[in-house]
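Please work from the sequences and hints to get the whole structure.
Just so you know, the sequences run in chain order U and D.
Residues 0 to 80 (numbering that gives the first Met the number 0) make up the first sequence, in order.
Residues 0 to 192 (numbering that gives the first Met the number 0) make up the second sequence, in order.
You may find that some hints are simply not true.
[Claimed, not checked] Only some residues are given here: those of chain U computed to face chain D with a beta carbon under 8 Å:
hint: 1; residue: 14
hint: 2; residue: 27
hint: 3; residue: 28
hint: 4; residue: 29
hint: 5; residue: 30
hint: 6; residue: 41
[Said to hold, decoys possible] Here are the simulated DMTMM-like pairs of lysine to aspartate or glutamate, each with C-alpha atoms no more than 20 Å apart in a straight line:
hint: 7; chain 1: U; residue 1: 18; chain 2: D; residue 2: 117
hint: 8; chain 1: D; residue 1: 43; chain 2: D; residue 2: 116
hint: 9; chain 1: U; residue 1: 18; chain 2: D; residue 2: 97
hint: 10; chain 1: U; residue 1: 21; chain 2: D; residue 2: 136
hint: 11; chain 1: D; residue 1: 43; chain 2: D; residue 2: 27
hint: 12; chain 1: U; residue 1: 21; chain 2: D; residue 2: 140
hint: 13; chain 1: D; residue 1: 47; chain 2: D; residue 2: 99
hint: 14; chain 1: D; residue 1: 47; chain 2: D; residue 2: 117
hint: 15; chain 1: U; residue 1: 18; chain 2: D; residue 2: 3
hint: 16; chain 1: U; residue 1: 18; chain 2: D; residue 2: 140
hint: 17; chain 1: D; residue 1: 43; chain 2: D; residue 2: 117
hint: 18; chain 1: U; residue 1: 21; chain 2: D; residue 2: 99
In short, the hints are calculated from the structure, not lab data.
The beta carbon of each residue, even a glycine, is placed where N, CA and C say it ideally should be.
Each chain is listed here by its residues.
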Amino acid sequence: MEWYVISFVNTHTAISAQKHLKESFELIIMPTPRELSQGCGISIRYSAEDHPAVAERLLELSFDQQKYSIHGYSNGGYSIV
Amino acid sequence: MSSEIDARGKSCPIPVVMAKKETDQGTDQFSILVDNKTAVENLKRFAKSRGYEVNVTESGADFLVAMNQSGSSEECQLMDFEKSWAVLIGRDGIGEGDPELGATLLKMFLYTLCESDDLPSYILMMNGGVRVAVDHEQSVEHLQSLEERGVSVLVCGTCLNYFGLQDAAKVGTVSNMYDIETAMVSVDKVVTL
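Right under this line is the structure:
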């Protein structure tokens, strides 16, 4: 994967996740890519290198797994992780 | 008639303003001598928006930008679609309501702008908007990349001074009301965030 994007079902979860994750990771806040139809408009992009640690941190933070999904980007498209 | 305008040593928006004066008068062929690449890029964008063809020749440290209007009806139509524009950032976020959401929306807007081919000629920052050039990390990176692509980022010096941030801007050119007003009136539209 070239990078990863987390999309969220609502903006409050997105902003809360951004606040927690930015303490430990370099994030890029972006509009949810058009091809990811589900979710609210705010997404978080991070590097492939950080993926295992970010995924683990989200679990540690007890974010409801129904409220976000992680997508990997490669070859011009996204696939759900 | 072809005329040559010397715009060397003129600060940021002035070469474009000088070019606009020529196009407004209907001059179909003229050249502008400038001394920096940003001015060349700004003139190229301006020329495109007015349906002029551009030819740049380097002479020493200077650049001669020749502008020719081909005058075909197709070019005239292009003018309508490719209007020049500027963004005015007057606070450190988009809109009112929640400041945290506003800051997030601004990051997303600048990210989207970086992905776009239709770039503004200017990004103008005033009042609380100057903070974006100082300490909004992601936004600073986007603004730097837009600047590299030829967008002029003008940061209000009076505003930096008011907030005690004189030397703190990490991107853009510290500017004044004259340059900002000139930039505003030189484009077809100004989008205020």
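Verification of the hints:
Taken as an interface hint, residue 14/U checks out: its beta carbon lies about 6 Å from the nearest beta carbon of chain D, inside 8 Å. A cut of 8 Å between beta carbons decides the hint on residue 27/U: the least distance to chain D is about 6 Å, and the hint holds. Annotation: interface hint on residue 28/U holds; nearest CB of chain D at approximately 4 Å, less than 8 Å. The criterion of a C-beta within 8 Å of any C-beta in chain D is met by residue 29/U, whose closest approach is roughly 5 Å, and the hint holds.
The interface hint given for residue 30/U holds, since its Cβ lies 5 Å from the closest Cβ of chain D, which is under the 8 Å cut-off. The beta carbon of residue 41/U comes within 6 Å of a beta carbon in chain D, closer than 8 Å, and the hint placing it at the interface holds. With a CA separation close to 31 Å, the supplied pair residue 18/U and residue 117/D exceeds the 20 Å bound. As the CA atoms of residue 43/D and residue 116/D are separated by approximately 14 Å, the hinted pair is consistent with the 20 Å bound.
In summary, the hint linking residue 18/U to residue 97/D is supported, as the alpha carbons are separated by about 15 Å, within the 20 Å threshold. Under the criterion of a C-alpha separation no larger than 20 Å, the hint pairing residue 21/U with residue 136/D is consistent with the structure, at around 11 Å. Pair hint residue 43/D plus residue 27/D holds up; C-alpha atoms about 15 Å apart against a cutoff of 20 Å. Of the pairs offered as hints, the one joining residue 21/U and residue 140/D holds, with about 16 Å between alpha carbons and a cut-off of 20 Å not exceeded.
Taken as a hint, the residue 47/D and residue 99/D pair is broken in the structure, with Cα atoms around 38 Å apart against an allowance of 20 Å. For the given pair, residue 47/D sits about 12 Å from residue 117/D by alpha-carbon distance, which is consistent with the 20 Å threshold. A hinted pair counts as satisfied when its Cα atoms are at most 20 Å apart, and residue 18/U with residue 3/D does not qualify at roughly 55 Å. In summary, the hint linking residue 18/U to residue 140/D is supported, as the alpha carbons are separated by about 19 Å, within the 20 Å threshold.
A C-alpha spacing of about 13 Å is found between residue 43/D and residue 117/D, which places the hinted pair at or below 20 Å, so the restraint holds. Only pairs whose Cα atoms come within 20 Å are accepted, and residue 21/U paired with residue 99/D is accepted, the gap being roughly 14 Å.
Of the hints listed earlier, those the structure fails to meet are numbers 7, 13, 15, in rising order.
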